[in-house]
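Q: Using the sequences and the hints given, assemble the complete structure.
Respectively, the protein sequence lines represent chains A and B. Each residue of the first sequence is one higher than the one before, starting from 1 at the first, in the working numbering. Each residue of the second sequence is one higher than the one before, starting from 1 at the first, in the working numbering.
Some clues are possibly wrong.
[To be verified] Reference excerpt, derived from the structure (chain A facing chain B, CB under 8 Å, subset only):
(1) Y257
(2) P340
(3) T346
(4) L347
(5) D348
(6) F386
(7) C479
The hints are simulated quantities; they were obtained by calculation from the structure and are not laboratory data. Just so it is clear, CB atoms sit at the ideal spot from N, CA and C, and this is done for glycine as well.
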Amino acid sequence: MPKRTDINTICLIGSGPIVIGQAAEFDYAGCQALKVLREDGYRTIVINSNPATIMTDPGFADRTYLEPLDLEGVADVLRRERPDALLPTLGGQTALNLARELAESGILEELGIELIGAKLDVINRAEDRQLFKDAVESCNLHVPNSIIVTDIAQIEGVATPAVVRPAFTLGGHGGGFANNRDELHAQVEIGLRESPIGQVLVEESVRGWDEFELEVVRDRLDNVVIVCSIENLDPMGVHTGDSVTVAPQMTLPDEAYQELRDAAAAVVRAVGVDTGGSNIQFARDRVSGDIRVIEMNPRVSRSSALASKATGYPIAKVAAKLAVGYTLDEIPNDLTGTTPASFEPTLDYVVVKFPRFAFEKFPGADRTLGTQMKSVGETMGIGRTFGEAFLKAMRSRELDPGAATPWQTLADVPEGVHPFFEEEIWRIQEALLDIAGSSIDDLVADDWLRLKRLGLSDADIADAADVPEAAVRARRRDCGVRPVFRRVDSCAAEVEAASNYFYSTWGETDEAPPTGHRPRVVILGSGPNRIGQGVEFDYCCVHAVATFRELGYEAVMVNCNPETVSTDYDTSDRLYFEPLDAESVLAICDRERPAGVVIQFGGQTPLKLARAIENAGYTILGTQYDAVDLAEDRERFGGLLRAHDLRSPAWGMAGTSEDAVRVANEIGYPVLIRPSYVLGGRAMRVCYTDEEVSEVPVLDRVLVDRFLENAVEVDVDALCDGTDVYIGAVMQHVEEAGVHSGDSACVLPAPGLTPAQTEEIQRTVRVLGRSLGVVGLLNVQLAITPDGGLYVLEANPRASRTVPFVSKATGIPLVASACRLSTGARISDLGLQKERPPKQWSVKAAVLPFARFPGSDPVLGPEMRATGEVMASAADLPTALAKAERAAGRALPSSGAVFLSIRPAEQKSAVPIAATLLGLGFKLFATEGTAGTLAGAGLEVEAVRKLSEADGDELTVIDLIRRGRCDLVINTPEGRNARSDGYAIREAALSRRVPCITTMAGAATAVHAIANARAEQAVSLQERIDAETRTA
Amino acid sequence: MKGFLALEDGTVFRGDSVGAEGLACGEAVFTTGMAGYQEAVTDPSFAEQLVCFTAPMVGNYGVADERSESRKAHAKAVLMREARGPAWTDWLQEHGVVALTGIDTRSLVLKLRDAGAMRAVVVSGSGSVEEAVATASAQPSMAGRALVEAVSTDAPYRYAEEGRASIAVVDYGVKRSVLHRLVAAGAQVTVYPHDVDADELAGYDGVLLSPGPGDPSPLQQQTAIVRDLLGRTSVLGICLGHQVLAMATGHETFKLPFGHRGANHPVLQRSDGRVLVTSQNHGFAVRATDATEATHVSLYDDTVEGLDFPDLRARSLQFHPEAGPGPHDAWPLIEQWVDEVVAGA
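A: Structure follows, in structure tokens:
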């Protein structure tokens, strides 16, 4: 039977900002679903607060709403749009939880909207622990023995070790492992607090058991296919998102695998998922073969995105088609074109996924891996052997120097890994030891082939042999050993497939080399999501691919991140799922012989390869690498600024700690210290004293900048054709300079600039674009000091993090324009709208993962810690600000109590803020010093003790926050002492989920928003852009 | 030790020998199942064949006696991209199976897919490529080869003493999994040689025509026996048994270009529109037909995957409902047949 004709408009909910546990995989899922739904003639509505997603591009749906993903925000859109159906299975847990809320609150019924993909009872059976347990047991399977706890008293008599899992939380958030009674008590308390329904499961520990996941798709006729099996290398006890995983499963004999397959199908049927994809996790005792069903997601998940990339089977696309009535045998397999979606994929290669962690950004945080996910991104490697796939994924992580991470080296195999994998890893280590004991000149072709088939990169071999990588590459090539490329076709070559999806391997025949006559461009992606380099860059890459295709090129994409849209084989003309290192990228260039390589959209990752690409004789399209170097090399950039009479904060370079102190004294305190060439402000620090400076570790060399206190930071995104500059947007940060631009909220248009300042900023950017020789995108960060001085902080001749936000706020196609410029167009050819600030107010707010890293101080600083962002627009700024905060999950209170603890230097500026709050009817609490200043200004405030001043039974500020007697915390930090009172306050606020503001600028803005925000009906992005781009 | 595979068209694939020494002649075929290597090699249906595994790594989880589908290895050689031992490679040596690892299996598969299954020779150790190619081309083609006699039991034996229905299995090269499923369905099971007399079989509540190797078309004697048997008891044919039943009922069989071998083939069950993910292992098939007795059809190439003749109380399945290796989607079909045998007996 074909698709349903009784529904016309379908609303899809996205997953919101990138957070740990929910990344770009849901953008990938959403995009796939939108594509097929539109092909089938449905009208589509999208709601997602994340501007850095492709699914929220105006062309992807009929109506797109960048609105907060809360009941109010979604209901508002549904009331306006009145869709026939709501598809909640492609937007992660966020969408599923919202669907449940919408259904239970009666809104769906009131508006006559049908849930498709997963009905309410199915969602409840999969998510509610008791209902799930009943469903599993109804098919003679078992979940780990467990009890459901809604009150701490219920844990009496429960055996330990045990695992605590809160209901309805992301990535197991709030859960954990308890070895003994005390730990159990503490963990259950946290879990009860974190669970939105106040329910946790305390269960039998299966720690150390092997962990498997199956990706299942079922249609309305009860046909079930298993798309992929995934085996975790890290055994049970480590969240699957934090585990190294491999597909297909490698260690189970057929009979054991089939047992899991049968169990997966039975569970899907018992839970009742009737159309779509589900993910089921199993624990299996290696010796007894006992199986426990751990979890099931009745929706597309992170693992299903991985499974889709691993197999070439587009689960989200199929799930969307199934949701509108198709059956599996009616849906063709894209890769083969001839087989149906009921053909289970079979793999003739191995896929390994590695998590990417960012612990170095959260000093003090517990790095132990457990049931709560902590990784911020992932990489995937494809190879013909486990070793090839494993090492590709491992090196694709692009670890920062000095960053400690699980699986840092091959020697870091965690306990409990299956002996099969231990042996595979040992095999690689042995080969490395052999290399170390011999000379690469002695290696013959067969030796090279053996090493490469083990998965070793030229760099690995070079490291082991202690020779330059280039020497290894040259010697290997002399021996005639070069990589070949293989197709991912979902069928192990059984069926002819014209797939455009490739990976490299060794010692085989090269398959399907490019033959087209169109010129080719190779676009380098941004690798794994990490803090500082996230999905914004993938957004840019995807747009670049689309633009080059429109311009008549074959667009070739290279990336290693399975969570992205860029690695959807549907996106580009050819996709190479390969590490973004010199060896892999050059091998691809050698095969593709591109007219140009595009490096300006993938963040810092492609820039690191620019030199090698140029040296190999390939052309870089757009801004040349020298311009990048000119902008990033402080000496060269300083010279350029001087030559054009532009100011920058005084700076110096230091090679040792003593050196750094000397430089700091020369340029004057406070100073900002950072390593050169790093994105995301890694290891940046503001120092006020010699002592602080000398504590900064100096690896290689550091930059010491004069830190501009209380300066307003401005971000500009512009286009340049080498001569002319087009200013796309001038944005103002809410937080002052010193808070990383990625963590600061950002407002467009800039509200605090005088026309003269705006003009000076524009002039500066025009000078920089021309003098750097930028051809494409340019981002400039500037600061305006309280005395009105304008300083250039940095210029980045590449796509910036704000490109998606600006594109959506203004309607200016920044990436497409940059691509056109890189192929020779002039600014004047682009037909861009007149340069002018947008009419509506848009705010970008950062989402921070502090709640995942207890022990780390949740205070904003020069080192970026945000994982994602949200966007909100409105007719006035306070409304946009309030909406952005809501979208970021920190809804500002409209009444209640506010607690203030302000560092002495800023207490005076807190007075007007406090006065406004009082005027709005808030009650004020403050620590003694702050209270004194406020009282002195005639404000009514109650003083409370700090934790360090605790005295008997008297309430401390911590009690106040923990008991929920405070709705907003404003706390500006006094220093870097993580164990300070301030830290205790911020952590209490975080765990109690009370919004906590750590800068005065942020506080002023928030209070302004509380005082002036209005209720405003949702307006679609299409309508907004239409209003912006209509000639004014 | 090095080794190589030579195809009849002169193509050579080189690898390292990890199995028995010597030379193996046969038809080069490939199977796409990702696990179940031991089951495949011991499946009599792989007799006279050189099996290429598309699975990236083979041997990962070792071996176990209970996984063997028969008493010995039937595949004459195995070709792997990456073999893992020592359990698996030792087993191959012990069972006299020539085996190569490091083979560019994907290129081999692409070759066989495009040119069809080929006569081939696997040489472990050094040897002349020209001689190997000549040996390969001198072999008889699989088309027209009757291999049932070589793998069938010589004498009848009782496999399961007790049961709710008496089932005779005609051994064309039966797998243990078929017998296991019958026992699991509660049947008393007796296995007969391939040329057993129809009158002997007619005394049973049901007769299962087993899977087996080779071309069905020369099996005229077996077809005659089945024709003689039809209508006298319940019959279920599986794989080669399906093809024999098809010939006995006037259907045409033919050689597939490169066969269906794997654990992921979707089959449409016409009665209810359900899709079964099936285990398959056949180089010959029953030609596509609109006839109403065709109950199951391949969603891959429309070949007949199942027949049903209610009046004759006979039915058959091209795929392997017994699995071993492969998905269990079609397990119930054997149990249902036994249920019906019991109900009809």
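Q: Taking the hints in turn, state whether each one holds.
A: Hints versus structure:
1. Y257: Because about 5 Å separates Y257 (chain A) from the closest Cβ in chain B, which is inside the 8 Å limit, the hint holds.
2. P340: 5 Å, holds
3. T346: 4 Å, holds
4. L347: Given a least distance of 6 Å, the restraint on L347 (chain A) holds.
5. D348: 4 Å, holds
6. F386: 6 Å, holds
7. C479: Because about 17 Å separates C479 (chain A) from the closest Cβ in chain B, which is outside the 8 Å limit, the hint is violated.
Violated hint for the displayed structure: number 7, the only one.
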